[in-house]
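Undergrad: This is what each chain is made of:
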Amino acid sequence: MSFLASRLETLVFNIEKTLHVPLVLSEGCCTVEIENTSLASYDWGRLGVSEVEELPQEANLLIVAGWVNKKRSEEIKEYYEQMRKPTQVIAVGSCALSCSPYKLGAGSEMIKVNDLINVDIFVPGCPPRPEAILSAIIELQKKLSPGPSAQEVLHAALK
Amino acid sequence: MSVVKRPSPKAKWYIPGILTGLKITIKHMLFNLASRKDMITVQYPEEKFQYSDRFKGNHILTVKKDGSLRCTACMLCATHCPAECISITAAEHDDPEVEKYPISYEIDILRCVFCGYCEEACPVDAIRMGPEHQTAAPAGDNFIYDITKLAYRAENKGGVLSKVDDQERHKRGL
Amino acid sequence: MPKLTINGQSIEVPQGTTVIQAAKELNIPIAHYCYHEGLSIAGACRMCLVEVEKNPKLQIACNLPVTDGMVVYTDNPRVKDAVKWSLDFHLINHPLDCPICDQAGECKLQDYYMDYGLYTPEMDQRKVKKNKAVSLGDRVVLDQERCILCSRCVRFTKEVSKTHELGIFNRGDRSIIATFEDRPLNNNYSVNTVDICPVGALTSKDFRFKQRVWFLKDFDTICNGCSTGCNVKVSYNANGVFRVRPKVNKEVNGHWMCDFGRDIYKHTNKEYRLEAVVEKREDLSGATVKGKPVALALQEIGKNLKQAKNIALVLTAQYTVEEYEAFLNFFVGKLKVSSIYYWKNNETSFDSFDGLLIRGDKNPNTQGLLKAAQKHNVKLLPVTEFDKSASSFDFCILAAPENQAVYPDITEKCQMFKKSNEVVCITSCYNDSYNGFKWQIPAKSFVEKDGTFVNFKGVAQKIKAGVKIIPTSVSLEEVVYGLTESMGVSI
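Protein sequence lines correspond, in order, to chains A, B and C.
Residue numbers for the first sequence follow the working numbering, so the first one is 1 and each next one is one higher.
Residue numbers for the second sequence follow the working numbering, so the first one is 1 and each next one is one higher.
Residue numbers for the third sequence follow the working numbering, so the first one is 1 and each next one is one higher.
Since the hints were made in silico from the structure, they are not lab data.
Because the structure is a prediction, the values reported are computed rather than measured.
Don't take every hint at face value.
What the hints assert, rightly or not - Calculated lysine-lysine pairs in the DSSO-like style (CA-CA distance at most 30 Å, straight line): (1) C:Lys464 with B:Lys65; (2) C:Lys127 with B:Lys100; (3) C:Lys438 with C:Lys233; (4) B:Lys64 with C:Lys132; (5) A:Lys143 with B:Lys65; (6) C:Lys247 with C:Lys468; (7) A:Lys103 with C:Lys464; (8) C:Lys129 with B:Lys100.
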């Protein structure tokens with residue numbers, strides 16, 4: 001019985017790992033690209049990402065885009081702490097990654113997302129194309145379960 | 001004055017609305033089953049969207065015929081870069097005709113905003129915005145692209161030649 | 001006193017003044033390449049053409065003495081047209097090298113092309129090919145294609161340095177600037193030719209390709225290379241200091257400075273500097289600890305200083321008047337220190353002078369130190385006498401030289417200082433010889449502090465802090481302040 005329970009637990013864990021429930025905190029032009037990725041033309045549902053969640057307690061994938069200033073950083077941190085663990089973070093676009101083209105240094109209100117929370121996947125681009133965001137999700141899956149993906153195994157078998 | 005249109009009595013019954021929605025969904029599903037060509041979804045990792053030639057993707061440093069960089073390290077790209085992501089270190093070349101060349105050329109891809117000003121500013125067609133869109137990478141990857149990555153990466157197949165031929169220009173005395 | 005009118009503005013100038021000088025006083029720009037205030041007049045470039053009333057032809061303003069009642073126009077269409085064509089003739093064989101040319105950004109050809117240029121050149125002949133990147137000497141590189149033959153550099157070697165290395169050879173559009181075969185341009189003032197070159201033909205080997213000039217900012221200060229006290233402009237950006245150029249001061253250095261002064265920026269840059277406090281442990285291991293905050297270090301030094309009975313001071317003349325004042329006020333006025341040693345850079349060549357600018361006294365503030373000592377009634381002992389009573393000192397404070405290149409005897413002198421019990425070395429530059437000392441405190445270099453240098457003539461000149469390179473470094477004033485705080489002494 002305990003064997004079955006542990007198997008079931010592994011199954012549930014694996015499903016949970018591959019099912020990304022995203023919470024999108026986005027500002028500026030990256031929002032458009034993220035919307036585009038989630039809808040019919042690029043459809044991130046194919047890669048196991050569910051619909052965009054509004055409750056942080058339900059989500060386990062945080063997608064941050066746009067500039068992060070001091071005021072917004074508190075909001076992001078608050079959301080991040082409430083999210084389901086383990087939380088994965090994807091930072092999208094130059095603003096979020098490096099505050100570009102804003103100046104950093106003395107007097108700057110801008111904060112890099114990586115200094116705020118631990119970012120797993122970086123998506124460079126201003127704004128990045130939907131492909132880049134999809135490739136981020138593929139990278140994330142590679143990171144979570146190393147080794148060849150089911151797709152690659154299938155392709156190899158077909159060849 | 002804004003006029004609020006009252007919902008028609010038909011809409012009060014939800015079932016027709018639901019059916020209208022389902023009709024559209026099922027129609028698309030059947031169409032897509034019938035012909036996959038017309039499907040608007042791009043199956044990303046397998047098929048890729050064809051962008052225009054003017055797409056501003058990752059930078060390429062072009063090379064001369066002998067495979068060395070075209071860049072003369074004039075730093076006009078670094079001057080015009082609004083994101084200040086380009087850093088170049090120049091050095092003296094042995095050949096007095098070349099005179100100046102970059103010993104390091106680095107682009108911080110996280111800071112770059114892909115505006116294409118570097119391409120516009122370059123007087124010798126040494127830097128271009130390539131066709132490859134950006135790809136994501138996990139934390140800890142190298143996001144500062146150096147000469148090997150910019151000029152001689154696998155996609156460039158040993159370096160991209162510029163259309164401007166220097167030797168031809170020198171022959172004509174330009 | 002003749003009176004003339006330029007573009008409707010009249011001015012009275014002394015007899016013998018040329019029109020270009022009079023125009024400069026009125027702030028009327030006249031384009032010129034070959035004319036230079038510090039050199040004789042050549043009249044070679046034909047860029048300073050002006051129209052004089054009742055004179056049928058245009059005249060060159062640089063060689064036209066002012067006569068009474070002269071009426072001059074510099075901006076009418078006839079003059080502008082003439083300047084435009086003059087410039088176009090200069091550009092016939094000039095290569096479009098601007099991307100790789102170091103002068104780009106401060107080039108007179110670029111400036112005047114924007115003002116007067118003929119944007120549609122009518123020349124259909126090929127450009128004449130000449131040699132590029134010809135090494136003229138240890139410090140200067142010549143690009144013969146870029147040269148416009150203004151002959152400023154030739155006149156400089158003839159009239160100022162009087163070494164006659166450069167000359168114009170060949171004729172017509174084959175003319176080149178060159179040196180005679182066995183005599184490279186190796187005089188002590190050679191880099192001045194780079195400064196006066198209006199185009200990018202002569203470039204400095206030291207600055208070549210280091211930075212583009214538009215990334216650099218300038219600030220004015222005084223050279224600390226020798227006791228002449230030349231006024232200089234220091235170019236810097238966030239990566240450090242990159243070059244030093246002379247600034248005109250007719251009473252001190254004129255338009256020029258020497259080549260040794262061009263290297264003074266090097267010992268202000270990070271790679272040569274002591275970046276943090278270095279402390280040698282008291283225990284047997286003798287290991288050094290780095291990175292203690294300066295204030296804490298000064299507190300500990302103050303404690304030991306309070307107990308010390310026999311204190312020695314070693315001073316070099318490389319610090320400002322204000323620093324000496326604070327230092328002597330504290331040590332002589334409060335602590336009654338009597339053994340104060342003066343470390344000269346080189347006893348034998350101390351009073352030498354080459355006739356133009358270079359002096360053997362390689363310290364910027366010798367007079368300032370002597371005056372401060374006189375004010376406090378202190379007798380400065382020569383540093384060679386330190387050896388006699390070295391072991392009797394239980395405390396020695398060394399204000400080490402900033403420009404170490406001119407102190408060849410550092411290692412042997414440091415061995416001597418090590419004989420005393422505890423040595424505090426205040427130094428801006430890193431040196432292996434200082435390693436045996438108990439304390440090394442990072443000092444500010446001359447580009448980072450405000451103060452006064454008094455030159456050999458007694459002319460006091462201000463230096464200003466322009467750039468921050470080592471943020472933890474302190475001046476002698478701040479050292480004294482830290483010591484007074486920890487010892488509870490007020491001044």
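Undergrad: Hints numbered earlier in the text: which of these fail when held up against the supplied structure?
TA: Failing hints, ascending: 1, 3, 5.
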